[in-house]
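J.: Sequence:
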Amino acid sequence: MFDYDAELKFYREAFRTACGIRPGDRVLDVGCGTGQTTRDAARDAAPGPVLGVDVSERMLDHARRSTTAGNVTYVAADATTYDFAPVDVCISRFGVMFFADPARAFSNLRRAASRVAFLVWQPRAENEWARVIPEAIGGAFRDDSPFTLGDPEATRDILTTAGFVEPTFTALREPLYYGPDVESAYENVLQLREPQALLAELDPPDAVRARSTLREALAAHATADGVLFDSAAWIVTTE
Numbered sequence: 000m001f002d003y004d005a006e007l008k009f010y011r012e013a014f015r016t017a018c019g020i021r022p023g024d025r026v027l028d029v030g031c032g033t034g035q036t037t038r039d040a041a042r043d044a045a046p047g048p049v050l051g052v053d054v055s056e057r058m059l060d061h062a063r064r065s066t067t068a069g070n071v072t073y074v075a076a077d078a079t080t081y082d083f084a085p086v087d088v089c090i091s092r093f094g095v096m097f098f099a100d101p102a103r104a105f106s107n108l109r110r111a112a113s114r115v116a117f118l119v120w121q122p123r124a125e126n127e128w129a130r131v132i133p134e135a136i137g138g139a140f141r142d143d144s145p146f147t148l149g150d151p152e153a154t155r156d157i158l159t160t161a162g163f164v165e166p167t168f169t170a171l172r173e174p175l176y177y178g179p180d181v182e183s184a185y186e187n188v189l190q191l192r193e194p195q196a197l198l199a200e201l202d203p204p205d206a207v208r209a210r211s212t213l214r215e216a217l218a219a220h221a222t223a224d225g226v227l228f229d230s231a232a233w234i235v236t237t238e
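The sequence shown begins at 0 in numbering that gives the first Met the number 0 and counts up by one.
If you're looking for bench data, these hints aren't it; they were derived computationally from the structure.
No residue lacks a Cβ here, since even glycine has one placed at the ideal position from N, Cα and C.
Heads up, some of the hints might be wrong.
Pairwise CB distance ranges, derived in the manner of DEER restraints [claimed, not checked]: (1) Val54 with Ala218: 34 to 44 angstroms; (2) Ala84 with Glu165: 36 to 46 angstroms; (3) Ala124 with Asp4: 21 to 31 angstroms; (4) Pro85 with Ser211: 49 to 59 angstroms; (5) Pro203 with Pro22: 54 to 64 angstroms; (6) Ala206 with Ser144: 17 to 27 angstroms.
Take the sequences, apply the hints, and build the full model.
T.: Here's what the structure looks like:
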C-alpha cells in the first residue's frame with residue numbers, strides 16, 4: 000500500500016494546528032484513510048470521541064490496526080448520505096475533493112458540524128508533482144478530482160450554499176515526499192493508479208523508455224531529505 004502519510008508528512012503539523020481541536024471536542028474525520036489524522040485528532044480531543052469515516056475498507060482495516068486510543072471509532076460510510084451525530088468540528092485531509100456530489104455532501108456535513116478544517120489541493124498548475132510525473136511518462140493525469148476544490152471562489156460558493164459561514168482559505172506550500180532515494184521513490188510512484196494507467200497504455204518499448212524517463216525525473220528531485228516535489232494546498236476553515 001502506498002504510504003500517503005509519509006507523502007504528506009510536511010503538511011501534518013500545519014493541518015493539525017489549523018484543526019484547532021480542544022480537549023473534549025467531538026470530531027468527525029472525513030476520508031480518514033489509514034487514520035493518521037484521526038489519531039492526531041484523538042490525542043488533541045481526548046477524552047472527546049473521534050469518528051473516522053472512509054469508503055475504503057482496506058484503508059480502515061489498516062487504521063484500526065494502527066489505533067490504540069480508546070476514544071476512536073472507524074466506520075465505512077459515504078459522507079454524502081451517512082446520518083452523522085452532531086460534532087464540534089469536522090476535519091478532512093485531502094478527502095473532500097473526491098465527493099461525486101459536493102453540494103449534497105457538504106450539506107450533509109453541515110447538519111453535523113458548523114466548524115470545519117479541510118486540506119485540499121490548489122489547481123493542478125500549482126502542483127509540480129501533478130505535472131512532472133505524468134509528463135515524464137509521456138502523458139497527463141486524466142483524473143481531475145484531486146483539484147475539484149482548488150478554486151477558492153467556486154468552493155466558497157459550494158460551502159456557503161451548504162450553510163457554512165465565512166469559509167477562509169489559507170495558502171500553504173510544502174514538498175511532497177516520495178521516498179528516501181530514487182529507487183524507493185520509483186517503486187512508490189509505480190504503486191499509484193494514474194502512473195500505472197499511463198504505462199499500461201504504452202507499447203513495451205515505449206514503456207521501457209517512459210520508466211527510464213520517470214527515474215530521471217525522480218533523480219532530478221532527489222535531495223538530502225529524500226525525493227521531493229513542490230505542492231500547493233488550501234487550508235479551508237470556518238467558525
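J.: Give a verdict on every hint.
T.: So, going through the hints one by one against the coordinates:
Checking the proposed 34 to 44 angstroms range against Val54 and Ala218 shows it holds: the Cβ atoms sit about 36 angstroms from each other. Distance hint for Ala84 and Glu165: a CB-CB separation of about 25 angstroms, inconsistent with the stated range 36 to 46 angstroms. Evaluation of the 21 to 31 angstroms hint for Ala124 and Asp4 yields a pass: the beta carbon distance comes to about 26 angstroms. Between Pro85 and Ser211 the beta carbons are some 54 angstroms apart, a value that agrees with the proposed interval 49 to 59 angstroms.
At about 58 angstroms, the beta-carbon gap between Pro203 and Pro22 stays in the expected band of 54 to 64 angstroms. Taking 17 to 27 angstroms as the suggested C-beta distance range, the pair Ala206 and Ser144 conforms, at roughly 25 angstroms.
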